[in-house]
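A.B. asks: Residues per chain, in single letters:
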Amino acid sequence: MNKSMTPISRREILIGGAIVVAVAGFPLPAAAGQPKPATKENAMTTTIAVAKPAQIRLVQRSPAYWRVTIDNPPINVMGPEMVRQFQDVIAAIEADEQVRVVVFDSAVDDYFLNHSDFTAKLEDLTGMPDGPTGLPPWPDFLVRLTRAPVASIALIRGRATGNGSEITLACDMSFASREKAIMSQWEVGVGMVAGGGPMARLPQLIGRNRALEVLLGSDDIRGDQAEAYGYVNRALPDAELDAFVVAFAARISKFDKWAIAHTKRLVNTSLPPDVELGAGWDACIASLGRPAAQDGIKALMNRGFHKPGDAENRLGYYLGQIPR
Amino acid sequence: MNKSMTPISRREILIGGAIVVAVAGFPLPAAAGQPKPATKENAMTTTIAVAKPAQIRLVQRSPAYWRVTIDNPPINVMGPEMVRQFQDVIAAIEADEQVRVVVFDSAVDDYFLNHSDFTAKLEDLTGMPDGPTGLPPWPDFLVRLTRAPVASIALIRGRATGNGSEITLACDMSFASREKAIMSQWEVGVGMVAGGGPMARLPQLIGRNRALEVLLGSDDIRGDQAEAYGYVNRALPDAELDAFVVAFAARISKFDKWAIAHTKRLVNTSLPPDVELGAGWDACIASLGRPAAQDGIKALMNRGFHKPGDAENRLGYYLGQIPR
Amino acid sequence: MNKSMTPISRREILIGGAIVVAVAGFPLPAAAGQPKPATKENAMTTTIAVAKPAQIRLVQRSPAYWRVTIDNPPINVMGPEMVRQFQDVIAAIEADEQVRVVVFDSAVDDYFLNHSDFTAKLEDLTGMPDGPTGLPPWPDFLVRLTRAPVASIALIRGRATGNGSEITLACDMSFASREKAIMSQWEVGVGMVAGGGPMARLPQLIGRNRALEVLLGSDDIRGDQAEAYGYVNRALPDAELDAFVVAFAARISKFDKWAIAHTKRLVNTSLPPDVELGAGWDACIASLGRPAAQDGIKALMNRGFHKPGDAENRLGYYLGQIPR
Numbered sequence: 546m547n548k549s550m551t552p553i554s555r556r557e558i559l560i561g562g563a564i565v566v567a568v569a570g571f572p573l574p575a576a577a578g579q580p581k582p583a584t585k586e587n588a589m590t591t592t593i594a595v596a597k598p599a600q601i602r603l604v605q606r607s608p609a610y611w612r613v614t615i616d617n618p619p620i621n622v623m624g625p626e627m628v629r630q631f632q633d634v635i636a637a638i639e640a641d642e643q644v645r646v647v648v649f650d651s652a653v654d655d656y657f658l659n660h661s662d663f664t665a666k667l668e669d670l671t672g673m674p675d676g677p678t679g680l681p682p683w684p685d686f687l688v689r690l691t692r693a694p695v696a697s698i699a700l701i702r703g704r705a706t707g708n709g710s711e712i713t714l715a716c717d718m719s720f721a722s723r724e725k726a727i728m729s730q731w732e733v734g735v736g737m738v739a740g741g742g743p744m745a746r747l748p749q750l751i752g753r754n755r756a757l758e759v760l761l762g763s764d765d766i767r768g769d770q771a772e773a774y775g776y777v778n779r780a781l782p783d784a785e786l787d788a789f790v791v792a793f794a795a796r797i798s799k800f801d802k803w804a805i806a807h808t809k810r811l812v813n814t815s816l817p818p819d820v821e822l823g824a825g826w827d828a829c830i831a832s833l834g835r836p837a838a839q840d841g842i843k844a845l846m847n848r849g850f851h852k853p854g855d856a857e858n859r860l861g862y863y864l865g866q867i868p869r
Numbered sequence: 546m547n548k549s550m551t552p553i554s555r556r557e558i559l560i561g562g563a564i565v566v567a568v569a570g571f572p573l574p575a576a577a578g579q580p581k582p583a584t585k586e587n588a589m590t591t592t593i594a595v596a597k598p599a600q601i602r603l604v605q606r607s608p609a610y611w612r613v614t615i616d617n618p619p620i621n622v623m624g625p626e627m628v629r630q631f632q633d634v635i636a637a638i639e640a641d642e643q644v645r646v647v648v649f650d651s652a653v654d655d656y657f658l659n660h661s662d663f664t665a666k667l668e669d670l671t672g673m674p675d676g677p678t679g680l681p682p683w684p685d686f687l688v689r690l691t692r693a694p695v696a697s698i699a700l701i702r703g704r705a706t707g708n709g710s711e712i713t714l715a716c717d718m719s720f721a722s723r724e725k726a727i728m729s730q731w732e733v734g735v736g737m738v739a740g741g742g743p744m745a746r747l748p749q750l751i752g753r754n755r756a757l758e759v760l761l762g763s764d765d766i767r768g769d770q771a772e773a774y775g776y777v778n779r780a781l782p783d784a785e786l787d788a789f790v791v792a793f794a795a796r797i798s799k800f801d802k803w804a805i806a807h808t809k810r811l812v813n814t815s816l817p818p819d820v821e822l823g824a825g826w827d828a829c830i831a832s833l834g835r836p837a838a839q840d841g842i843k844a845l846m847n848r849g850f851h852k853p854g855d856a857e858n859r860l861g862y863y864l865g866q867i868p869r
Numbered sequence: 546m547n548k549s550m551t552p553i554s555r556r557e558i559l560i561g562g563a564i565v566v567a568v569a570g571f572p573l574p575a576a577a578g579q580p581k582p583a584t585k586e587n588a589m590t591t592t593i594a595v596a597k598p599a600q601i602r603l604v605q606r607s608p609a610y611w612r613v614t615i616d617n618p619p620i621n622v623m624g625p626e627m628v629r630q631f632q633d634v635i636a637a638i639e640a641d642e643q644v645r646v647v648v649f650d651s652a653v654d655d656y657f658l659n660h661s662d663f664t665a666k667l668e669d670l671t672g673m674p675d676g677p678t679g680l681p682p683w684p685d686f687l688v689r690l691t692r693a694p695v696a697s698i699a700l701i702r703g704r705a706t707g708n709g710s711e712i713t714l715a716c717d718m719s720f721a722s723r724e725k726a727i728m729s730q731w732e733v734g735v736g737m738v739a740g741g742g743p744m745a746r747l748p749q750l751i752g753r754n755r756a757l758e759v760l761l762g763s764d765d766i767r768g769d770q771a772e773a774y775g776y777v778n779r780a781l782p783d784a785e786l787d788a789f790v791v792a793f794a795a796r797i798s799k800f801d802k803w804a805i806a807h808t809k810r811l812v813n814t815s816l817p818p819d820v821e822l823g824a825g826w827d828a829c830i831a832s833l834g835r836p837a838a839q840d841g842i843k844a845l846m847n848r849g850f851h852k853p854g855d856a857e858n859r860l861g862y863y864l865g866q867i868p869r
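Chains as they are written, first to last, in this note's numbering: chain B, 546 to 869; chain H, 546 to 869; chain L, 546 to 869.
These are computed hints drawn from the structure, not numbers from a lab. Careful, some of the hints might be misleading.
Put simply, identical chains are the same to the list, so a pair is met inside one copy or across any two.
Straight-line Cα separation of at most 25 Å, DMTMM-like style, residue types lysine to aspartate or glutamate; simulated pairs [claimed, not checked]:
(1) Lys799 to Asp855
(2) Lys799 to Asp827
(3) Lys799 to Asp840
(4) Lys802 to Glu821
(5) Lys802 to Glu642
(6) Lys802 to Asp840
(7) Lys725 to Asp675
(8) Lys802 to Glu724
(9) Lys799 to Asp765
(10) Lys802 to Asp655
(11) Lys725 to Asp669
(12) Lys725 to Asp827
(13) Lys725 to Glu639
(14) Lys802 to Asp765
(15) Lys843 to Asp855
Computed from a prediction, not measured in an experiment: that's the story for all the values here.
Could you put the whole structure together from the sequences, leaning on the hints where they help?
C.D. replies: This is the structure:
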């Protein structure tokens, strides 16, 4: 995980569990380079960072262009620790005055960002303090990312199941591998309600009818279909995806931050109220306490869910097969 | 109309003019199987049901998966009696605790659901009592269908003109025959305003510019175009449409009703206020009292409108031809 | 500019700087044919009209079907005088009782309507009195066009950069040349915020993610892409575009004005509040006072911007090249 041995020399700073890497030759922004005020919460996350490996890497390609790479092999599930690290990431983005573009991608083959970690204790997630918006940490992160005064881009290769779809919807833009991206809001298929706001976001993006097809159908949506529905901005040939996103991010990173921030601020008047993401989170937690979801997840586990293999690769199919 | 002689044995119950059919082997839900409380209104609709044939059939493929089939040959127009039967259908859907998916289709070749019956007395429609939402019966039905805690699917083969388009927009999802589906909001072309809410629903679904093209152009929209605009979820080859919808409905019918209902409830926060459908209805009724609409409908009638033939088949074309 | 020598005999009336032309054989509507009340403002614009050539022509193809042609060669930029003429155009549309369809097009090769005239004094624009909506004249025009009780259509051939995109978004419908249309909200790329409301309009039309791609990417969007995103209704082969729009406009021009107006009124409930266009305008004016925009425009000018040539033709590319 430590990248200081790579040919490009970079400085690395731990913020919570996330490693902030400054590429040599660029000054490190104050928010990342200087220690954060030693509040109780920061101290706590720093302690955790020592004990737990980073599941997210924040690399500054330049002061204006950051890359956030999700890296929790083998299947990029999101547990409480990753949620905590996303909190650190968004705090760093908000505090920095030079960052203009943030690209989210994955270091794990076949997974952009996957469903939640069902082997973690639910209390470790529900016991985390609310974020600055007053929402629990995951919807808090998503809302803050949507409102951050920078351009955010999801580069989607592999599965974007549940949380991965939700971070895509929170980003300003998304570009997906035509061959390798799979979007999925699979929750209803296992007896759950999605926790990160797709009920609020998808209808505005792709229309109520296609939003309900995605949400109630709970099936896998390949790159082409996601593009046709407007679920992602564009699906590109896998071989061209990285170069396209790098060029697009580099382009925007040269534009004026004030103009980016104020344009985005005015676009954001069309957002659903943040409270809708809170309502979705509450419904998600409530669904997890019901036998339907418990039985559904258990049945999936019995078929190989939650580890590399067919049940993860073809989750949409398996959701239609589990006995009820 | 009576299906008890078909190979599959089914129980049939009259609710208003609608026949509720229970496939043998599945218990009949309480709401359908038991007599409704003998209120004055129910008694009235039951009486009417004896005198008038069912124009809608409600078949329970399973307790969780219902099919509502529109069957008013030869051209599937909607008069006051059909509106009354739609009221019974939605009451049955709302009252049942097991239904999770309802598919709307047609038994009449070339017509999914057509325009209103202009040979009926307008008073028979406007004299009906408001529904539980406080709206007149047709917009009341549409609003309640949109808010019902089940997944609703329009299977569109043939013309969905006016009312047929409006029920499509009220359903959660829609799948159309690529060769045989024709969407149409034809009202402006004949001097009317649409009565079932497309002004409220279409802009959110397909964008204001395409909504106004559909509404002000009043032309026929074929399956491919409807899919490209997002007017329907997908257009499929006619030979594949039924199997696709059956598989999709069967899939959802196995998912947890609580998860379906709460996911849909949260999606529905993006709906326009119900009152907008009331305003549309009022404008529709007002338009019918004006000479422009009276003359337009009369001119169409003179060209063969309202019976099988070219004026119905190519309504969009004929709307451009009637003298003004 | 005077068209009275063309084979078709037409009457021409000056309204402000705009020439209103009545095709012979059709009565000229009162609002256009009679002098407007001699308020101070009208008198002023009439005086200006004598001194300055018309940059917009309003031709009445019939009492119900008007054509507004933008004609400010060589590159169809919009300065204060054109804004004043758009005010006259919308006043004529609002005052007339027979017009049902207005088509906006261009008489200048390669440009539908371009960015603002940066050689004009900003004070000439900001010093103009607010329009009837209480908004400054350009957003006032756009809001009134959107709410006018007629069908408005943008026929887009050539560049629709900034103002051209904004008038497209204010029209009810838009049809673009597949080969020759270029949509562009280029403002962020030069350090500005757009002034005519795309932040309010684009997210509803094409989804937040693609709206932000257009706005923050500031790149040229060709006809095909604009159609795929729903930015325009349709992109048509250039050779077919005019005939398509003429036929479509002629079709609607025969429909009942009351039905058009009330249908559009109900569609307009989905519009963002007008105040959002005011907020966008304020941000635009603020951006023009900042060094980033001043430097950006100057750098573009040094590369040939604001006159016919490569910097205008490939503005998206040049925005990525100017030094920062």
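A.B. asks: Under a CA distance limit of 25 Å, which applies to Lys802 and Glu642: within one copy, between copies, both, or neither?
C.D. replies: Within. Shortest intra-copy distance 9 Å satisfies the 25 Å Cα cut-off; inter-copy 47 Å does not.
A.B. asks: Is the C-alpha distance from Lys799 to Asp765 at most 25 Å within one copy, between copies, in both cases, or in neither?
C.D. replies: Between copies only: 17 Å across chains, 36 Å inside a chain, cut-off 25 Å.
A.B. asks: Between the shortest in-copy and the shortest cross-copy C-alpha distance, which are at most 25 Å for Lys799 and Asp840: within, between, both, or neither?
C.D. replies: So Lys799 and Asp840 pass the 25 Å test across copies only (13 Å; inside, 51 Å).
A.B. asks: Is it within a copy, between copies, both, or neither that the alpha carbon of Lys843 lies no farther than 25 Å from that of Asp855?
C.D. replies: within (16 Å within a copy, 58 Å between copies)
A.B. asks: Are the CA atoms of Lys725 and Asp669 at most 25 Å apart within a copy, between copies, both, or neither?
C.D. replies: Classified as neither: same-chain Cα gap 32 Å, cross-chain 54 Å, threshold 25 Å.
A.B. asks: How would you classify Lys802 and Asp655 at a CA-CA limit of 25 Å: within, between, both, or neither?
C.D. replies: neither (34 Å within a copy, 32 Å between copies)
A.B. asks: Is it within a copy, between copies, both, or neither that the alpha carbon of Lys725 lies no farther than 25 Å from that of Glu639?
C.D. replies: neither (31 Å within a copy, 41 Å between copies)
A.B. asks: Given a CA cutoff of 25 Å, do Lys802 and Glu724 count as a within-copy pair, a between-copy pair, both, or neither?
C.D. replies: neither (34 Å within a copy, 34 Å between copies)
A.B. asks: Between the shortest in-copy and the shortest cross-copy C-alpha distance, which are at most 25 Å for Lys802 and Glu821: within, between, both, or neither?
C.D. replies: between (29 Å within a copy, 21 Å between copies)
A.B. asks: How would you label the pair Lys725, Asp827 (within, between, both, or neither) given a Cα cut-off of 25 Å?
C.D. replies: neither (32 Å within a copy, 43 Å between copies)
A.B. asks: For Lys802 vs Asp765, is the C-alpha pair at or below 25 Å within one copy, between two copies, both, or neither?
C.D. replies: Classified as between: cross-chain Cα gap 21 Å, same-chain 37 Å, threshold 25 Å.
A.B. asks: Is it within, between, both or neither when you check Lys725 against Asp675 at 25 Å Cα-Cα?
C.D. replies: Neither: 35 Å inside a chain and 52 Å across chains, both beyond 25 Å.
Checked against the numbered hints given earlier, this structure breaks hints 7, 8, 10, 11, 12, 13; the rest are met.
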